[in-house]
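Trainee: Listed below, chain by chain, are the residues.
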Amino acid sequence: MGERDGHLLTVAGLEALLQALTAQGRRLIGPTIRDGAILYEEIEGIADLPRGWTDEQGPGSYRLRRREDDALFGHVVGPHSWKRFLHPPRRELWRARERDGEVELRPAALPEERLALVGVRSCELAAIRIQDRVLLEGPFADPHYRAMRERIFLLAVDCGEPAATCFCTSMGGGPQAREGFDLALTEILLDGERCFFLRTGSAAGAALVAELDPPPADARAKSAAAAVVERARASMGRKMPEADIRDLLLASLDHPRWERIAERCLACTNCTLVCPTCFCSTVEDTNDLLSGETVRSQRWDSCFSAEFSYMNGRAVRAGTASRYRQWMVHKLATWHDQFGSSGCVGCGRCITWCPVGIDITEEVAAFAAGAAVPAEGD
Amino acid sequence: MAEAQTGRRRAKKPRLAVWKFTSCDGCQLTLLDLEDELLAIAEALEIAYFPEATSRPLRGRYDLSLVEGSITTPEERERILEVRRRSRHLVAIGACATAGGIQALRNFADVAEYARIVYARPDYIRTLASSTPISDHVPVDFELRGCPIAKHQLLETVAAFLHGRRPHIPTHSVCAECKLAGNACVLVGAGTPCLGPATRAGCGALCPSFGRGCYGCFGPMENPNPPSLSDRLAALGMEKETLRRFWRSFNAGAPDFRRESARHGP
Ligand code: SF4
Ligand code: SF4
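Protein sequences appear in the order of chains A and B. This note's numbering applies: residue 1 is where the first sequence begins, and numbers increase by one. This note's numbering applies: residue 1 is where the second sequence begins, and numbers increase by one.
Please keep in mind that the hints were generated in silico from the structure rather than gathered at the bench. Remember, it's a predicted structure, so these values are computed and weren't measured experimentally. It cannot be assumed that every hint is accurate.
[What the hints assert, rightly or not] Here chain A is said to cover these stretches of chain B; the calculated rule only asks that three of the stretch's residues, wherever they fall, bring their Cβ under 8 Å from a Cβ of chain A:
1. 29 to 43
2. 90 to 100
3. 155 to 164
4. 188 to 202
[What the hints assert, rightly or not] Short derived list, chain B residues pointing at chain A, Cβ under 10 Å:
5. G26
6. R86
7. A115
8. T127
9. S130
10. L180
11. A181
12. C185
13. P224
14. R232
15. G237
[To be verified] Where chain B lies over chain A, by a calculated footprint (3+ residues, C-beta under 8 Å):
16. 35 to 47
17. 55 to 62
18. 83 to 94
19. 263 to 270
20. 292 to 304
21. 307 to 321
Beta carbons are placed, not taken as given, at the ideal position from N, Cα and C, and that holds for glycine.
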């Protein structure tokens, strides 16, 4: 099939690929500009992509900027992640009503929609892999997640220009999509012409390539793609300290730094809700005024809310320091014990979208420095 | 079925009362605004006192009293005691009833001075020096925040009381509602001043959904950190005087907002 060597796709070829996905009955979801940010929304084709735009990111700050070229994927990740679609913010689980003294339970229908996710980054593939472990491979698989996941098509894109907040290379990843995609693109210029080096990662991807029949990539296209990824790898905006973070954090549970963070942290939940791996949700039962029909629904929750740790009449984690500690220690330390990897993929969203710009890499660095000089704290 | 759940009178519908103190009526109008559900409410409950819908006040006891408005006069201070006596459950609704409302701005000033400026005959005005929430005067079973309250929260609270369960009224920030709705953050994405990270959810992130910062209508969230948010707003260029006023509006009397406002000026 030749997928190991890759193909060359023109911009028109990419449009044809998107239309072929649509023709399969899939809804296309991809990056598009709305409300001054690049969000993941329904798109119809490449005209909806943020062509010629990029995102400038820093702690607590995000701005769109015009690029000097017309790159289609010359941006990185925004406030949305694909968990919006795989593990949606709100959904109904079941309804119950009493009929002739019997309780009648009706589970909500599982989604039948087929999505194609366009422009999935390597860190996001890693995040989906992590959510798979949590929501599919644990003792209780989530049927909704499974239904979405089984039908999904993943069109990945390698990153060319990481943001100042990116640190995927510190978390075992990198700017290049390596596994878990159906097709992957690297945006390149050949003789001044914008095109894509196309790699195939699954049978579904191979079938599409066979249908579209693009030309094979030559050595020049391949080395251009390799150069894009290399440049990106060398320009990561941030890095996580190289210490054994799991042991470091577990040894720092009583560190004074937690209280220092809590002086700034707003306990607003933004970091957890933008994180592509955070999966916590709560369930609520509501009922109709008259009929008494009960609906149980699920919605995203966060370890930064009081309700999250509410047990036996009170919130166990009353203060912000304990909530931030819960988040970071779970994400970077006990996640290893629970799910066999870190819970962080280095996408930088929690840094950008924290209103006060608390930086997970800076905080870990402070713990690492504090561990070296225990008397000082940091 | 609904009646059976409330326990006391099987045959009779539970009685709902709406009481008004110092307020603009906006919150009780939310009840009328429940167009689709109003019939169901009227069927499930006897609406026993509802100044905006019927003109004659009823006597007796009430299963659920919704209290709108703050306490600003000596008469109101007495009347709320009477309302509490007549109510099995008392729910304070809106920024006035839960924090003193916009009229709590008087708490920062000299009321006699205000009266002299505003009224032709200030000697006709009999008022207290401060505007205070219902909970300062009587025990309150539940509070619904907002200026005005949110329709769906009112409905949820009424349904919950009818069925004897705890209402699902989140106490976390507005930010969570923005993120659930898929909004791009106006503070991070545009540098727009926003009180959302310190304000309780409930409105469905109404203002940020239209590109504006949150004005704090639902008052402080649980466990807020106003000084840190002020630092951020100051870094974005907000002056001390603006900060003082930013924290001091519909929920000026809520302790967390009052304290923060006072840090930036008298
Ligand atoms: S913890 Fe932060 S950097 Fe890591 S995956 Fe989550 S949002 Fe991205
Ligand atoms: S770390 Fe930042 S985003 Fe997360 S809860 Fe604290 S203030 Fe909000």
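Trainee: Could you run down the list of hints and mark each one as holding or not?
Mentor: Going through the hints against the structure:
{"no.": "1", "hint": "29 to 43", "in the structure": "holds (count 4)"}
{"no.": "2", "hint": "90 to 100", "in the structure": "violated (count 0)"}
{"no.": "3", "hint": "155 to 164", "in the structure": "holds (count 6)"}
{"no.": "4", "hint": "188 to 202", "in the structure": "holds (count 8)"}
{"no.": "5", "hint": "G26", "in the structure": "violated (22 Å)"}
{"no.": "6", "hint": "R86", "in the structure": "violated (23 Å)"}
{"no.": "7", "hint": "A115", "in the structure": "violated (39 Å)"}
{"no.": "8", "hint": "T127", "in the structure": "violated (37 Å)"}
{"no.": "9", "hint": "S130", "in the structure": "violated (29 Å)"}
{"no.": "10", "hint": "L180", "in the structure": "holds (4 Å)"}
{"no.": "11", "hint": "A181", "in the structure": "holds (8 Å)"}
{"no.": "12", "hint": "C185", "in the structure": "holds (6 Å)"}
{"no.": "13", "hint": "P224", "in the structure": "holds (7 Å)"}
{"no.": "14", "hint": "R232", "in the structure": "holds (5 Å)"}
{"no.": "15", "hint": "G237", "in the structure": "violated (13 Å)"}
{"no.": "16", "hint": "35 to 47", "in the structure": "holds (count 4)"}
{"no.": "17", "hint": "55 to 62", "in the structure": "holds (count 3)"}
{"no.": "18", "hint": "83 to 94", "in the structure": "holds (count 3)"}
{"no.": "19", "hint": "263 to 270", "in the structure": "holds (count 8)"}
{"no.": "20", "hint": "292 to 304", "in the structure": "holds (count 5)"}
{"no.": "21", "hint": "307 to 321", "in the structure": "holds (count 4)"}
Violated hints, in rising order: 2, 5, 6, 7, 8, 9 and 15; the structure is consistent with all others.
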